[in-house]
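K.L.:
Generate coordinates for the entire structure from the input sequences, incorporating the hints supplied.
Residue numbers (our numbering), protein chains in the order written: chain A, 1 to 197; chain B, 1001 to 1197.
Think of the hints as simulated: they come from the structure by calculation, not from any bench.
This structure is a prediction, so every number in the text was calculated from the model and none was measured.
From the three backbone atoms N, C-alpha and C, an ideal C-beta is built for every residue, glycine too.
Heads up, a few of these hints could be off.
[What the hints assert, rightly or not] If you anchor each label on the Cβ, the simulated ranges turn out as follows:
hint, chain 1, residue 1, chain 2, residue 2, range
1, A, E95, B, E1114, 42 to 50 Å
2, A, D151, B, D1025, 51 to 59 Å
3, A, E116, B, R1103, 33 to 41 Å
4, A, R34, B, A1113, 22 to 30 Å
5, B, R1034, A, A24, 17 to 25 Å
6, A, D25, B, G1073, 49 to 57 Å
7, A, A120, B, D1011, 31 to 39 Å
8, A, A24, B, L1197, 18 to 26 Å
9, A, R182, B, E1061, 40 to 48 Å
10, B, D1151, A, E61, 47 to 55 Å
11, B, S1079, A, D151, 45 to 53 Å
[Stated by the list, open to error] In silico DSS-like cross-links for lysine-lysine, where the CA-CA straight-line distance does not exceed 30 Å:
hint, chain 1, residue 1, chain 2, residue 2
12, B, K1157, A, K164
13, B, K1164, B, K1108
14, B, K1108, A, K164
15, A, K108, B, K1108
16, B, K1157, B, K1108
17, A, K108, A, K157
18, A, K175, A, K108
19, B, K1166, B, K1108
20, B, K1164, A, K166
21, A, K166, B, K1175
22, A, K108, A, K166
[Said to hold, decoys possible] From chain A, some residues computed to sit far from chain B (all C-beta separations above 10 Å):
hint, residue
23, D25
24, P44
25, E61
26, Q68
27, L91
28, E119
29, P146
30, G161
31, P186
2 protein chains.
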Amino acid sequence: MTVALDPAAQDLLFREAHTAHTFADEPVSDEQMREVYEMVKYAPTAFNQSPLRITLVRSPEARARLVQHMSEGNRPKTSGAPLTAVLSVDLEFHERLPELLPRAPGLKDTFFAEAETREAHGTFNATLQAGYFILGIRAAGLAAGPMSGFDRDGVDKEFFGDGKQKSLLVVNIGKPGEDAYRPRSPRLPYEDVCTTL
Amino acid sequence: MTVALDPAAQDLLFREAHTAHTFADEPVSDEQMREVYEMVKYAPTAFNQSPLRITLVRSPEARARLVQHMSEGNRPKTSGAPLTAVLSVDLEFHERLPELLPRAPGLKDTFFAEAETREAHGTFNATLQAGYFILGIRAAGLAAGPMSGFDRDGVDKEFFGDGKQKSLLVVNIGKPGEDAYRPRSPRLPYEDVCTTL
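P.N.:
Following this line, the structure appears as structure tokens:
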């Protein structure tokens, strides 16, 4: 094995990590989420555009607002998680580019001036960041339960009424509860995914 | 610090890792890429759809075919990298669902029967996997140089002539060369990215 990452870390992030479907009754603090963010913020986006935004749904009121927009199969686990993150793309991420990309501040008013360009690039890069975030949750010793099954327009109207963000993924976060994991599903063999030219 | 991942691993994946813009003259083997894949394949996708495909561009002939479609600023570093991965979405990922998701093999012919649905879901999930892949490269002790600046249609015609895959991201892979890294650009503060409700 030539991988630099030690085997325990490989297990924590990849090999032994599973999507959790139930959660223990143990809180996840904002401080833990800050530690996750302070790690994953360094992972790359194009032009350092950093378009991901994270809405941490914790209070019973906010949770009720979210759960009604989840698909039926995702409601019990979302209700039962101590914390749920709504990951979204900031469609006006370009406003921060002058500070995020000091070597090319002009991109804000040239390449990223068009809303359509921003939405395409922002969505792609925020989705890369969603991948980093899921692994960051695991790095914190927590289980992640990412879910695509929700009413995107409903969530957007509920939480992003100003139209400046669009939801991408909802992620339950916590310590795994009873019977949290499904059996591991098969993965594709290397030869079917990777081709060398 | 309550993060479970040890500080050296945090540095390797996030804190000390940088996008590389030059590469050392040292090969990256298929065996190394296999080790990366055997780790990152476990990270989650919706319904375990696993739509990411990885084309490893190594030979001088394949490299020349790729470089012509890169934006001008990305050509020298792509030419100079020992290995470059074209990350793409398999638009027919649903064909593998019966083996990937034994608990719901019917999704292939219901939810994922429509090409438009497949492209939207496949692109999103393959992009999550692209995020995992970038961190997997770093986990292997290699530097990644992800690039969005390329002619997507050109790459697709060149490498995916059957129309069954669409390119998402091109990633140079290798040991960093001289002056490989730009100074770290600023990141957004926690308060500007994360909101607790």
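K.L.:
Of all the hints given earlier, name the ones this structure violates by number, lowest first.
P.N.:
1, 4, 5, 12, 14, 15, 18, 21, 24, 25, 29, 31
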